[in-house]
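Asks: Kindly produce the complete structure, drawing on both the sequences and the hints.
Read top to bottom, the protein sequences are chains F and G. Per this note's numbering, residue 1 is the first one in the first sequence, and the count goes up by one each step. Per this note's numbering, residue 1 is the first one in the second sequence, and the count goes up by one each step.
The hints are simulated quantities; they were obtained by calculation from the structure and are not laboratory data. Every residue, glycine too, gets a C-beta built ideally from N, C-alpha and C. Just to be clear, a hint being listed does not mean it is correct.
Each computed EDC-like pair below joins lysine to aspartate or glutamate, with the alpha-carbon atoms no more than 20 Å apart [what the hints assert, rightly or not]:
1. G:Lys-373 to F:Glu-70
2. G:Lys-373 to F:Asp-27
3. G:Lys-240 to F:Asp-27
4. G:Lys-420 to F:Asp-127
5. G:Lys-373 to F:Asp-23
6. F:Lys-87 to G:Asp-394
7. F:Lys-144 to G:Glu-338
8. G:Lys-58 to F:Glu-151
9. G:Lys-367 to G:Glu-101
Here's a subset of chain F near chain G, in silico, CB distances under 8 Å, partners left out [to be verified]:
10. Ser-24
11. Phe-49
12. Ala-52
13. Val-53
14. Leu-54
15. Asp-56
16. Val-60
17. Val-72
18. Asn-81
19. Arg-85
20. Trp-104
21. Lys-105
22. Asp-127
23. Ile-131
24. Pro-141
25. Leu-142
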Amino acid sequence: MGQETLIEAIRTRLGPDLEGSADSFGDLVLLLRAGSVRPALAALREAPFDYAVLLDLTCVDFAASEGRYELVYHLYSLSRNVRLRLKASVPAADPSVATLVGLWKNAEWLEREVFDMFGVRFEGHPDLRRILTYEGFEGHPLRKSYPWRLEQPRIPLKDDV
Amino acid sequence: MEPLTRIQRQARPESMLLNMGPSHPAMHGTVRVMLELDAEKILNAEVEVGYLHRGFEKTCENKSYFNLLIYTDRLNYVSPLINNLGYCMTVEKMLGAPVPERAQLIRVLMSELSRISDHLTCLAAMAMESGAFTVFLYMMKAREYLWDTIEFTTGARMTTSYIRVGGVRADLHADWRGSLATAVRETRKVLKDVSGLLDKNSIFVGRTRGVGVISREDALSYGWTGPCLRSTGIPYDVRKAHPYLVYGRLSFEVPVGEAGDNYDRYSVRMREMEQSLRILEQVAALIPDSAPLGPGPALEPEQALRRSRTARATVPIRLSPNLEGSEKARLAGLACQEPPVAVPAKEDTYASMEGLISHFLFFMAGKGIRPPKGEAYFSVEGGNGELGFYIVSDGSDRPYRLHLRAPCFHIVAALEQLIKGRLIADVIPTFGSMNMIGGELDR
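Replies: Right, here's the structure in full:
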């Protein structure tokens, strides 16, 4: 499938959910409507697109300049040996998007990481907790509004297992 | 107090909760596995990571493209050169900078040395934790030979920062062929010995065969890559699927397993090391010997500087010994020579005003490596699988956002599922075969 036919096929399948496409240093990038991330990725996972692997999920903070967070999904199709990048913007005031848990198993940890680092909520995630930092950590460290060398308050010792 | 973890909230009142880690002899790196037990049987498990979270990505946003290279050494600290490579190639992709052939070959050489040492470390620890201490010592011995080769050239065993944007820092050490031949010979011997010790060892086979089994579908669903994915029979290797550097010209195989259990992960890694040794030999044959530098009278840098006020720099300059290998005559074959990509030759910096200015133009804040606006993803085959960098550039000298796609993260995410329903003793070889590296996982 050539690049043009691929974009055309995806456009036919996703309809208005696909807001545009771009080329970035030779990589194909598709822009999605934030509200339809889950159905769109579910459709791309199936034949004929067959993007069976959720390679990566991350987020970029454009809150100060453009008032949005940009979620970046990387998919990989084993059968066609191509990668695909999808981007969706969520408003900085209320960043939330539908979860991918149930479609891919690694989504649970990837979304916890984005939640931890950026404070983006994933609706429908069964266990949305911090993953790299700890309970009681204040703020979301990868937001641009979080100073580089901010000290965190001490937390009391846990009376733990 | 409110229970903090999922496992505490969900545990049955009659079952026992047990912590493995965060500091535990078998949890190399720091990771905590919480287990809900019925006698020795694991009913439920929860993995907690984050004990080595150093804010790699945040730090990178606040460092220039040149300065943040040292932080990539500290990701997967067993194969730092592959991390250097992944980062540098992502930046090169954005800059469109061509890398000289010799530098590409050296990069492949360094990648494969690192890959073997990565696999050796993983299997050594895995075997030791299953009771085979001899194997640990054998493999550490082989790793020392490999790291000797790396150290001769890069000057460090782990914190190498040797692969730079645009190429490599310096040429190979004068006696690199000798040390490489020793390393390859000794590693082959160790692989043969270890194969003899473990392949049919009933204790080892008993603890690994049929333990920690993952299906192909689950491995893909968890985003597994690297030896762990290949142990299930899927031959996905970034070096073959998206060839970079000169991998397309080399002949090597991608070993795969069948069952996706601990034993297959061990066996895939063993066979991969043999392939990497093959690559080392091929690359060594492709790298031409570097031309000897003319003896010539060598000026001290101070003399050269004084002389530069009245005359053009024509006489070679004596460089500090720790710049050995990056002489101007050699640099053309080692790094991209377009201005703001690689460090300018030190001879120019020391001996001419133009050279000094171009030095400052590389290192000053706001100058230096500045990829055009946009974002790029590039990945290389790391020791654990697809090691990807996603960089967003706003056109300045610092990345607006740098994200690491760490193969470990996806692999460790599956640990809970793999040990559920098994015995406590099965956690050790299963965890060992995953090769969790804290630095890469937590970033």
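Asks: Out of the numbered hints, which ones does the structure contradict?
Replies: 7, 9 and 11
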